[in-house]
Amino acid sequence: MISLAGRDIMHSLGKFVFTGMGLGLLIGITLSMAGIYRGLVDDGKALLDNSGADLWVVQQDTLGPYAESSSIYDDVWRSIRGLPGVARAANATYFTMQVRQGERDVRAMVAGIAAGAPGTPGWPPYLVAGRQITRGHYEAVADIATGFELGDRLRIRRNLYTVVGLTRRMVSSGGDPMVFIPLKDAQEAQFLKDNDAIRQQRQRTAENPAFNRPQVPGLLEAVIASQSTNPYVNAVLVQIEPGHEAEEVAQAIRRWKRLTVHTRSQMEEILVGKMIATSARQIFMFLVILSLVSAAIVAFIIYTLTLGKIREIAVLKLIGTRNRTIVGLIMQQAVVLGAIGFMVGKITATLVMAPIFPKYVLLQPLDSVIGFGAVMVICLLASIVAIRAALKVDPAEAIGG
Amino acid sequence: MDGRGIRIEGLKKRYGRGDTAVDALKGVDMEVGQGEVVGLVGPSGSGKSTLLKCLGAVIEPTAGRMILGDETIYDDGWKVADLRALRRDRIGFIFQAPYLIPFLDVTDNVALLPMLAGRPNPEARRMAIELLAALEVEHRARAMPSQLSGGEQQRVAIARGLVNRPPVILADEPTAPLDSERALAVIRILNDMARQFETAIIVVTHDEKIIPTFKRIYHIRDGVTYEEAGEGRDIA
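Quick mapping for you: the protein sequence lines, in order, are chains B and H. Residue 211 in our numbering sits at position 125 of the first sequence; the count goes up by one each step and never skips. Residue 81 in our numbering sits at position 80 of the second sequence; the count goes up by one each step and never skips.
Keep in mind the hints are simulated off the structure, nothing from the lab. Do not rely on the hints blindly, as some may be mistaken.
[Stated by the list, open to error] Here are the computed lysine-lysine pairs in the BS3-like style, where the Cα-Cα straight-line distance is at most 30 Å:
| id | chain 1 | residue 1 | chain 2 | residue 2 |
| --- | --- | --- | --- | --- |
| 1 | B | Lys343 | B | Lys270 |
| 2 | B | Lys478 | H | Lys13 |
| 3 | H | Lys80 | B | Lys478 |
| 4 | H | Lys27 | B | Lys478 |
Keep in mind it's a predicted model, so treat the numbers as computed, not measured.
Let's have the full structure, built from the sequences with the hints guiding it.
As structure tokens, then:
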């Protein structure tokens, strides 16, 4: 028996291919949406991976340092370092801002990293060019996605930083590329007031008789000095010695330091389950809507194609064609249309949308397999309307009168 | 009656029920022997199409008998389990318009029926080619229907109706879209085929050009048939 569907497709190949391409663009958008969701999750995990930490010690009862603001004294790390099971502990400060370079600015997450050596928690784990920060001030390592190059001079608040190293895939959970600077600079930059505000604050302090006592020399200078420095960091990043359980060390810190400690799995839950939950729901809704729209379009196309063959179907039924042959004709066409659409969609998503999309689009092979299955199921379900119409065709319609 | 004709006795068809019921056929008697071509003539609304649909096992009559060859296929109810197979294997159809499948070439349009009947593709195509040769359209075997002239399309449609060697062929105004010369050519072909394949052919028509060619004509009016001897004009 010849393939009626195959012959029909070959007879109107151009129509099928163009229809499949139109459908493919829609499928491409759907796949890209799934890729954006995967990218959001991957960005969050990349942030955690790249921090090099096993535990995040933050202000009590906060979800810091990425999801909520957290502020702890910058000397806490010393006492944490002394606890059993702690291999390394280092301060870290994060804030998101527009980093200027010449006439342009880039939205970036600025990370203040403690002095140390490569492998210190918070440091970029690898570089693609240049070197790590070696000086205590005014050097930066930037993610390549910022567009900065080695030797570029960046302005963060009032200070200029020289880019000495470039790294890759160092992003915030929101997908902003990261710029690493020395911790002291970051602490200063984080809460740096403008000159007018500093001058007003000094004037107010000088006018306050509690701080400006002639009989206590040096008090006013000491108060002003304490007001101009920032002794806080957002978090202490902790690496655990091999052989120790993260939760066990976290319990000790919680108990003795009265701080909140998040383990890796808890941080993942905060980033994926809370921070990007709304975005994920939005993307999921878009996926559902796009799937429904795709199904409606496939159903409409197949239905229209079938209506265009009503007379032929009546003749086929009159001359003794079985219903299952006619059902096969319609279903095979729906599947071929879906396959063309998926192929075009996959190519569009991979080669066109992913590279130009401002967000990281992560297209996973398993998602493609699931997507292909979903497209096939949608096409088959969408063909039901056309099949019902075809099965209702009376063979008597082929005979006049 | 011999083994390949068709006989109808008291065939009735009623549409609807109660006060709105319409008797489209009121007791039709008809007999067409093997190798015979008869005309079925009648005005619009006389019951021609209803009779054709009953004969083609497309709609179920209300009462009566239909005997195809030696087998009673209807006797106040269908006596055949698979009407689809009956239509495929034992009744040929030729329509007013050729209604060829546009995405199949000429050979496959004809070979489709034997394929549907379960014959292997090469054998089905061989049967189709033989018939196309008999109808002098073999040279168009690989053409698509849209590439054929009206006359060629109708000959391919005739080949499709004949390819399974059915004992009866129902032709529904097969010459309507054709000019006189081509209409007569089609009737000549039907007569030749009827003789060659011993097929009973019923031609529904009100085409004045071809009515004189029938040796026997059934007139149908208000659901009742009347037999009349035709002129049987020679069209050779």
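Hints violated by the structure (numbers, ascending): none
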